[in-house]
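Protein sequences, first through last, are from chains G and A. For reference, each letter of the first sequence is one residue, going 1 to 113 in the working numbering. For reference, each letter of the second sequence is one residue, going 114 to 227 in the working numbering.
Hints were generated in silico from the structure; no laboratory data involved. Any given hint could turn out to be false.
Unchecked claim - Taking lysine to any residue and the SDA-like style, the derived pairs with C-alpha atoms no more than 20 Å apart in a straight line are:
#, chain 1, residue 1, chain 2, residue 2
1, G, K68, G, Y32
2, G, K100, A, V163
3, G, K42, A, G164
4, G, K42, A, T118
5, G, K100, G, I20
6, A, K122, G, Q45
7, G, K100, A, Y208
8, G, K68, G, Q45
As the structure is a prediction and not an experimental result, all values here were calculated from the model.
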Amino acid sequence: GESVGLHLPTLSVQEGDNSIINCAYSNSASDYFIWYKQESGKGPQFIIDIRSNMDKRQGQRVTVLLNKTVKHLSLQIAATQPGDSAVYFCAEMTTDSWGKFQFGAGTQVVVTP
Amino acid sequence: NAGVTQTPKFQVLKTGQSMTLQCAQDMNHEYMSWYRQDPGMGLRLIHYSVGAGITDQGEVPNGYNVSRSTTEDFPLRLLSAAPSQTSVYFCASSYSGASQETQYFGPGTRLLVL
Chain G
1 GESVGLHLPT LSVQEGDNSI INCAYSNSAS DYFIWYKQES GKGPQFIIDI RSNMDKRQGQ
61 RVTVLLNKTV KHLSLQIAAT QPGDSAVYFC AEMTTDSWGK FQFGAGTQVV VTP
Chain A
114 NAGVTQTPKF QVLKTGQSMT LQCAQDMNHE YMSWYRQDPG MGLRLIHYSV GAGITDQGEV
174 PNGYNVSRST TEDFPLRLLS AAPSQTSVYF CASSYSGASQ ETQYFGPGTR LLVL
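Starting from the given sequences, assemble the full structure and let the hints guide the process.
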């Protein structure tokens with residue numbers, strides 16, 4: 001999920017398949033991470049979060065994995081649906097600088113029938 | 114609860130004009146932030162506030178001012194608009210408690226500076 005200039009990386013997924021969206025974060029001191037979903041013309045919407053004392057957290061149809069060694073975060077969406085088509089952002093923060101989130105550039109997910 | 118509200122939804126300005134983007138939240142959140150989002154890019158933090166009377170600069174503060182006189186409101190002022198400030202602006206708010214560390218976003222203000 002790395003940005004290339006103005007063109008967002010795109011992940012095409014067939015409906016019903018699982019999606020994996022990746023994010024490399026920059027600050028080794030970051031200890032709180034969030035995944036957001038942004039549909040066209042709308043503000044970002046919280047999906048799931050994870051603290052740095054965890055490696056994995058599961059929600060409804062979504063799982064976030066955190067690998068602090070390589071500063072990598074991933075979002076897995078099970079049984080991808082057409083409504084999952086959106087841009088997905090990861091955000092990182094250090095809790096001693098609460099409110100100062102740093103966002104990744106995003107990944108466009110396109111769900112095909 | 115209305116959540117986070119932003120006005121206006123759309124605005125067209127001429128270079129040099131000033132304006133204020135309004136943001137309000139009714140969730141009693143301590144933290145509020147302003148971001149800008151440019152095509153194909155993630156959100157960049159402009160200014161943020163950890164409580165009434167306290168503000169600080171984010172990643173891209175130049176050309177913008179903020180104030181936080183109440184917990185509910187966090188207006189963003191463009192003093193002299195420039196074409197480079199054409200963007201979509203999002204306001205966000207959050208708690209700081211251990212179990213509520215999520216950030217809620219408003220619907221955005223789309224600004225075009227000619």
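What's the verdict on K100 of chain G and V163 of chain A, does the C-alpha distance respect the 20 Å limit or exceed it? Holds - the C-alpha atoms of V163 of chain A and K100 of chain G are around 10 Å apart, at most 20 Å.
Would you check the hint for K42 of chain G and G164 of chain A, treating anything up to 20 Å between C-alpha atoms as holding? 26 Å, violated
Is K122 of chain A within 20 Å of Q45 of chain G, Cα to Cα? 18 Å, holds
Given the hint that K68 of chain G pairs with Y32 of chain G, test it: the Cα-Cα distance must not exceed 20 Å. Distance ~11 Å between K68 of chain G and Y32 of chain G Cα, so the pair holds.
Run the distance test for K100 of chain G versus Y208 of chain A: straight-line Cα separation, threshold 20 Å. 13 Å, holds
Are K42 of chain G and T118 of chain A close enough, with their CA atoms no more than 20 Å apart? 12 Å, holds
Run the distance test for K100 of chain G versus I20 of chain G: straight-line Cα separation, threshold 20 Å. The given pair, whose Cα atoms are some 26 Å apart, is violated under the 20 Å limit.
Is it true that the CA of K68 of chain G sits at most 20 Å from the CA of Q45 of chain G? 24 Å, violated
When each numbered hint is compared with the structure, violations occur for hints 3, 5 and 8.
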